[in-house]
Amino acid sequence: MTTLDPPVRKRSGMPTKTNGPSPVDLREGDRNPGIPLDLEWVRRIGVNRSAVERRAAALGARRSVKKEWQAAWLLKSITLMDLTTLAGDDTPARVRRLCAKARQPLRRDLLEALGMSPGQIRVGAVCVYHQMVDTAVRALDGSGIPVAAVSTGFPHGLSPLSTRLAEIRASVDAGAEEIDIVITRGNALNGDWNALYDEIAAFREACGAAHLKTILATGELGTLRNVARASLVCMMAGADFVKTSTGKEGVNATLPVGLTMTRAVRAYAERTGYAVGFKPAGGIRMAKEALLWLILMKEELGTAWMQPELFRFGVSSMLGDVERQLEHHVTGRYSATHRHPMA
Amino acid sequence: MSKISEIFETLEYGPAPESAALADEWLDAHERAFGHFIGGVFTESNEAQAFQTANPATGEPIASIRQGTADDVDGAVSAARAAHEGWWALGPHGRARHMYALARGMQKHGRLFAVLETMDNGKPIRESRDLDIPLVARHFYHHAGWAQLMEEELPGYGPVGVVGQIIPWNFPMLMLAWKIAPALAMGNTVVLKPAEFTSLTALLFAELCVEAGLPAGVVNVVTGDGATGAALVAHPGVDKITFTGSTDVGRIIREATAGSGKRLSLELGGKSPFIVFDDADLDSVVEGVVDAIWFNQGQVCCAGSRILVQEGVSAELERKLRARMETLRMGDPLDKAVDMGAIVAPVQLERIQELVEEGRSEGAEVWQPSWSAPKEGWFYPPTLCTNVEPSGTLAQVEIFGPVVVMMSFRTPSEAVALANDTRYGLAASIWSENVNLTLDVAPKVKAGTVWINCTNLFDAASGFGGYRESGYGREGGKEGLWEYVRADWEVDAPQEPVSPPPVQGEARTAVEGVPPIDRTPKLYIGGKQARPDGNYSLPQVGVDGVVLGEVGRGNRKDVRNAVEAARKVQAGWGARTAHNRAQILYYLAENLSIRQAEFASRVADLRGDQAAAGLEVEASIARLFAYGAWADKWEGRVHHTPFRNVTLAMPEPIGVVAAVCPEAAPLLGFVSCLAPLIAMGNTVVLVPAEHAGIVATDFYQVLETSDVPGGVVNIITGLHDELVPTLADHDDVDGCWFFGDSAGAADVERRSIGNMKRTWVTHGLTRDWHDRVQGEGAEFLREATQIKNIWVPYGE
Numbered sequence: 001m002t003t004l005d006p007p008v009r010k011r012s013g014m015p016t017k018t019n020g021p022s023p024v025d026l027r028e029g030d031r032n033p034g035i036p037l038d039l040e041w042v043r044r045i046g047v048n049r050s051a052v053e054r055r056a057a058a059l060g061a062r063r064s065v066k067k068e069w070q071a072a073w074l075l076k077s078i079t080l081m082d083l084t085t086l087a088g089d090d091t092p093a094r095v096r097r098l099c100a101k102a103r104q105p106l107r108r109d110l111l112e113a114l115g116m117s118p119g120q121i122r123v124g125a126v127c128v129y130h131q132m133v134d135t136a137v138r139a140l141d142g143s144g145i146p147v148a149a150v151s152t153g154f155p156h157g158l159s160p161l162s163t164r165l166a167e168i169r170a171s172v173d174a175g176a177e178e179i180d181i182v183i184t185r186g187n188a189l190n191g192d193w194n195a196l197y198d199e200i201a202a203f204r205e206a207c208g209a210a211h212l213k214t215i216l217a218t219g220e221l222g223t224l225r226n227v228a229r230a231s232l233v234c235m236m237a238g239a240d241f242v243k244t245s246t247g248k249e250g251v252n253a254t255l256p257v258g259l260t261m262t263r264a265v266r267a268y269a270e271r272t273g274y275a276v277g278f279k280p281a282g283g284i285r286m287a288k289e290a291l292l293w294l295i296l297m298k299e300e301l302g303t304a305w306m307q308p309e310l311f312r313f314g315v316s317s318m319l320g321d322v323e324r325q326l327e328h329h330v331t332g333r334y335s336a337t338h339r340h341p342m343a
Numbered sequence: 001m002s003k004i005s006e007i008f009e010t011l012e013y014g015p016a017p018e019s020a021a022l023a024d025e026w027l028d029a030h031e032r033a034f035g036h037f038i039g040g041v042f043t044e045s046n047e048a049q050a051f052q053t054a055n056p057a058t059g060e061p062i063a064s065i066r067q068g069t070a071d072d073v074d075g076a077v078s079a080a081r082a083a084h085e086g087w088w089a090l091g092p093h094g095r096a097r098h099m100y101a102l103a104r105g106m107q108k109h110g111r112l113f114a115v116l117e118t119m120d121n122g123k124p125i126r127e128s129r130d131l132d133i134p135l136v137a138r139h140f141y142h143h144a145g146w147a148q149l150m151e152e153e154l155p156g157y158g159p160v161g162v163v164g165q166i167i168p169w170n171f172p173m174l175m176l177a178w179k180i181a182p183a184l185a186m187g188n189t190v191v192l193k194p195a196e197f198t199s200l201t202a203l204l205f206a207e208l209c210v211e212a213g214l215p216a217g218v219v220n221v222v223t224g225d226g227a228t229g230a231a232l233v234a235h236p237g238v239d240k241i242t243f244t245g246s247t248d249v250g251r252i253i254r255e256a257t258a259g260s261g262k263r264l265s266l267e268l269g270g271k272s273p274f275i276v277f278d279d280a281d282l283d284s285v286v287e288g289v290v291d292a293i294w295f296n297q298g299q300v301c302c303a304g305s306r307i308l309v310q311e312g313v314s315a316e317l318e319r320k321l322r323a324r325m326e327t328l329r330m331g332d333p334l335d336k337a338v339d340m341g342a343i344v345a346p347v348q349l350e351r352i353q354e355l356v357e358e359g360r361s362e363g364a365e366v367w368q369p370s371w372s373a374p375k376e377g378w379f380y381p382p383t384l385c386t387n388v389e390p391s392g393t394l395a396q397v398e399i400f401g402p403v404v405v406m407m408s409f410r411t412p413s414e415a416v417a418l419a420n421d422t423r424y425g426l427a428a429s430i431w432s433e434n435v436n437l438t439l440d441v442a443p444k445v446k447a448g449t450v451w452i453n454c455t456n457l458f459d460a461a462s463g464f465g466g467y468r469e470s471g472y473g474r475e476g477g478k479e480g481l482w483e484y485v486r487a488d489w490e491v492d493a494p495q496e497p498v499s500p501p502p503v504q505g506e507a508r509t510a511v512e513g514v515p516p517i518d519r520t521p522k523l524y525i526g527g528k529q530a531r532p533d534g535n536y537s538l539p540q541v542g543v544d545g546v547v548l549g550e551v552g553r554g555n556r557k558d559v560r561n562a563v564e565a566a567r568k569v570q571a572g573w574g575a576r577t578a579h580n581r582a583q584i585l586y587y588l589a590e591n592l593s594i595r596q597a598e599f600a601s602r603v604a605d606l607r608g609d610q611a612a613a614g615l616e617v618e619a620s621i622a623r624l625f626a627y628g629a630w631a632d633k634w635e636g637r638v639h640h641t642p643f644r645n646v647t648l649a650m651p652e653p654i655g656v657v658a659a660v661c662p663e664a665a666p667l668l669g670f671v672s673c674l675a676p677l678i679a680m681g682n683t684v685v686l687v688p689a690e691h692a693g694i695v696a697t698d699f700y701q702v703l704e705t706s707d708v709p710g711g712v713v714n715i716i717t718g719l720h721d722e723l724v725p726t727l728a729d730h731d732d733v734d735g736c737w738f739f740g741d742s743a744g745a746a747d748v749e750r751r752s753i754g755n756m757k758r759t760w761v762t763h764g765l766t767r768d769w770h771d772r773v774q775g776e777g778a779e780f781l782r783e784a785t786q787i788k789n790i791w792v793p794y795g796e
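First to last, the protein sequences are chains A and B.
Residue numbers for the first sequence follow the numbering used here, so the first one is 1 and each next one is one higher.
Residue numbers for the second sequence follow the numbering used here, so the first one is 1 and each next one is one higher.
Derived by calculation from the structure, the hints in this document are not laboratory data.
Idealized CB from N, CA, C, for every residue including glycine.
Incorrect hints may appear among the rest.
As the list claims (entries may be wrong) - Here are the in silico distance ranges between beta carbons for each label pair:
#, chain 1, residue 1, chain 2, residue 2, range
1, A, N190, B, N436, 22 to 32 Å
2, A, A57, B, Q52, 18 to 28 Å
3, A, T223, B, A20, 43 to 53 Å
Stated by the list, open to error - Listed below are several chain A residues computed to face chain B (Cβ distance under 7 Å; list not exhaustive):
#, residue
4, V47
5, G60
6, R62
7, S64
8, M306
What the hints assert, rightly or not - Computed from the model, here is a short list of chain B residues facing chain A with C-beta under 7 Å:
#, residue
9, I4
10, L11
11, D281
12, S284
13, P793
Throw the hints in and build the complete structure from the sequences for me.
Have a look at this one:
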C-alpha cells in the first residue's frame, strides 16, 4: 500500500512560475504592487486564537518527514535561510566570515554524499545592518546571493520618518537588494491602519527595485487578530514579504503567529492574485524547527511557498544544527559542531 | 538525479511508518488466537467457536477471536459477582490504588496499545497515539480520584453491583475506559463485551489488569458478536447495562431489559450540527471540519456531519473546504503522516457507499478530492455533499463515515431550527467570534455537548452523552458517576403492594333531602379546565367506602392535547429565570396553605387518618418550599478540563415530562412529582394516583391562583392502563416518571423506545414520600434535568 501525496493545489490567479526555481523571473514579473487600503476587509478578518493554536500544535503531530525526505527538506531549508548577524559588535571581518559560509553552507563531501551539486545549495540571503551592507555585497560578489539590510530604525522603528526613508535609500544605494523594515507597532496597536498603510507605502517607494520585507514584531502586537490585520495592511501597501520578528522582542516567531500570517498571505493571494512571501525570524535554531515551519508552509500554502522567492528563515545559528543532522544522515553517526566550518 | 535531489525539487512527504514489530510480537506470543478473560485468567482459544479479526488497511486477518456463548457470559457474570464484595470492601483508597496502577500501566504500554489499536481498527496512528490512548490513561487517573473521594462526594450511595458493558468498534480502548473506569471507581465489577471487529486491545488491557494486580473477576472480557452481547443483556445476574453504539441496537437493549430492574445507560447515534456564522474565523472552521468529520474517518458518534453555514459565507467556506480536502492524506494508518486511515469493515464501507449513492440519486452534489483512495484495504475518501435539503437522506441518516453535508441558513433562529431538526441530540459545534451569539445559541441546541469554536474535544472531567434518541446517561465528570451508584435506602426497600382494583363505592346520601352540589371536575390542560374527550367519569371512593366525588376519565386524545399544550410553552418556561420559577413555587405553597384544612380533610377522607392527613398537607407545603429554594440553587459545574477553556456543565430541563404519581401519598406524591419538574424548567403532564386523583383536581384552583402559566402543568385523571401507555409511547414526550407497580414500570420502559425517552421508574420499590432523601431533593433534581457540557475556549 502506498501513501498518497496529494497534488499541488492550483489557485486561480496565482503566478505559476513560483512553482519553479526561477527567482529572477518572479522578482521582475510578479511583484506585489499593493492595492488600495481595504479597511472593511482589515476589520472583518477574524482569528480564533484557541483554534489556531490547536491547528499549530497538530501540524507537527500530523506530519513527519523521515530519511531521504528529511535530508532533502533540510537541504532545502538551507536555501531558504537569511543568514543573519545583527549584533552591536559586528565587524567587517565577522561579516566576511558569514558571507563565506553563505557561499558554501555545507561541506563539499556531505553535498556529494547527498547527491547534490555544489551550485545547488546556497543560502537565501545574508542579512546585516546598513553599515555592513557594503562589506557583504563585496564578499558575496558573483555568488548571486542577495544582501538584505535591516532598516528604518531597526529594531524599534521609532526614528523620524525622514531618517527611516533615508536609511532605506542609503542601503539600496549601497547594494542591498532586500530591505527588512520594522513597522510602527503603535499604529497596529491603536488600529491606525491608515497610518500603517501610508508608512509602508512610503517605504516601498523608497525601496525602488529592492524587495521590501515588513517586520511586524508580532511579540509586541498583543493579539493574533492584530497580527492578521497588520499582515494584511502591509501586503496592501506593497510588501514583498511579511516577517514575524526582529529577533529582539521577548517572543519571536511562534507557530500560531506563523499560521496566522500564512493564512493572511493566502487570503491576499486568493483575493488579488499576488504572491507575498513569509519570513519567520527569531529563536529558530534547530533542524527540527525548520522541518516544522516547512510543514506549515506546505500545508497552508503548498510547495510553491517553499521556495526562496516566497519563504525565508531569519536565522543565525540554525545552519549548524542542519549541518549536523545532514552529516548524521550520511554517516549514521551523530555529529559534532566542530566538524563543520563556522559562520 | 539522486533520490534526494529529486525530493529536493518535489518536496514530497515520503513514508513515515510506525513499526508494528512489538504488536506483532505480542500477537505471535499468543499464537494469534485468543480466548476470553474470566475471573482473572484467559480461557483457551477455540477454533470451532472463533472468528477472525482483520486489519482494515489490508483486509488481512490478524488473529482469531473467540465467539462468546451464553455459558461464557454466565461464567464471567459469576466471576464478577464473586469478586464484587471484595472489591467494594477494599474501600475508596484501595480501589483508587488499583485504578492508579491501571493508569500507570496504560502510560507504560501506551505505544503498544496505540499500534495494536490502529492495526485492528484502521484509525491513523496519530490519533490512537496522541488522542485515544492518552485519553484512556487520563480517564483512569481521573476516576482513581473519584474512587478516593466517593464517600465524601456521594454520601448515601453504594455500587450497583455487576455491570455489563458493551462497547463499539470506533474507539475500542477509549470506550473501554469510559465504561470501566467509572464503574470500578464506584465499587462495581464488570463484564465487558468489546465489538467483534476490534477486540484485541481489550484483551491486551486484560493482561494489563493481571500485571497491575487487579483482583481476579473485577474486570472480565467476553468477546463475540451481537449474540454474545444479547446474552450479557439477558443475564439475570447483571444489575446494570451500559451500551455505546447505534440507536437501533440501543432500542433492542431497552426493550430487552424493560421491567428487569436492570439500570441502563445508552450512548447512541448522532447527526450533529456544525454551525458556522458569518463572522467565524473560516480558516479555523475548515480545520474544525477536518476534526469533526474526517477524524477517525467520520466513524464518530458525535461527528459534525451537518455543516450549517450562514448564506453569505457559504460559497467561500465550500471553496476553502475543497482546497483543504485536496491536501488530506489517506493511506496506511500506521504512517505517522496520514490524516485518514481505513473504514473498519467491508460492511461499513458498503453502507457508506450505498448511502452516498442514495443521496446522489436524490440530487445531492457529491464532491471528493482529485486524489484516489488506496485500492487495497477498506478506504473511503473524504466527501462533501451540497445541494442537500433537510429532508434528504444524507441530512437525516447517520452515515458513520467521512461524509459531510452542507446546508445554509439566514438567521441565528433558523440555524437553531435546522440544528434541532433531527431525532438525535448528541453534540453540536458553533463557530463565531461573537460570544453573545455563541452563548445564546448553545443552550438552544438540543445536544449533550456543545463545542464553541472547537469540536470533538473530550476529557474525563466532562460528561458526555446525549439528548433525545442519542441516549441517556453521561460518561465522565461527576455527572457520569450517578450511572454507577445506587442509593443505600433502595437496597432494603420493600416492594410496594400491587394497586388494588377500583372499588364501587356507595353513593353519597342527600343531606336533608337536598342533593349536594355536584363538583365533577374536568381535566386540566393548557391552563384551562377541559371536559374529558370521552365524557366519562370515574368515582373516587373514600376510606369509608363512600363515593367522594368523580373525576374525569381522560383518554388518548386528552393525552395528545395535554402534551401539545406542554410542548407549546416548554421553551418559554425553561427560559424563564430560576428566580421567577421559584416565586411561582412559593406562591403555590402560599395558596395551598390558605386551603390547608380543606386539603387535609380530603386526604383524610381518602386515607382515614386525620392526623396523618394534616401532616401530609404540611409536608406538601414544605416540599413546594424546598423546590422553590432549589430552583435557583441546583447549579451546574465548571469542569477542570485540561485545555484553556471553561467547560460549563449546565443542568437543563428534559423538556416535556410525563409523571405518573404514586398511590401512597395522594397529595404529597403528586406535589413531589410536580414541583421538581417545573422548578427545573420542564413542563409536565401529570397522571395523579388512580384512586386519589380527586386531590389533584382540588389543586386546579391552587394552580390557577398562583400565576402558573397555562400549559406548564397539565393534569389528566383517569385509569392508568388507559393513559400511561399513550404517554409512554408518545414521541413528543421527552421523559417519563413512573411511581407505580413493577408491571407498569416494565410497560413504560418497553414503550419508551419509540423516541428513546428517558424513564425513571423504581420498579415498584416502596418510597417513603415523607423522607427527605427518598421523597425530595437531589435525586429528583437529577432526574428532572439533563447535563449539557458547553466547551468555551478563550484567548485573544
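Against the structure, the hints:
1. A/N190 to B/N436: 22 to 32 Å: At 25 Å between Cβs, range holds.
2. A/A57 to B/Q52: 18 to 28 Å: With a Cβ separation near 38 Å, A/A57 and B/Q52 fall outside 18 to 28 Å, so the hint is violated.
3. A/T223 to B/A20: 43 to 53 Å: Distance hint for A/T223, B/A20 holds at roughly 45 Å.
4. V47: holds, 5 Å
5. G60: violated, 10 Å
6. R62: holds, 6 Å
7. S64: Cβ of A/S64 sits 4 Å from chain B, so the hint holds.
8. M306: Holds, because the Cβ-Cβ distance from A/M306 to chain B comes to roughly 5 Å (cut-off 7 Å).
9. I4: holds, 5 Å
10. L11: Given a least distance of 5 Å, the restraint on B/L11 holds.
11. D281: holds, 4 Å
12. S284: Status holds, d = 3 Å.
13. P793: holds, 4 Å
Hints 2, 5, counting from the list given before, are not met by this structure.
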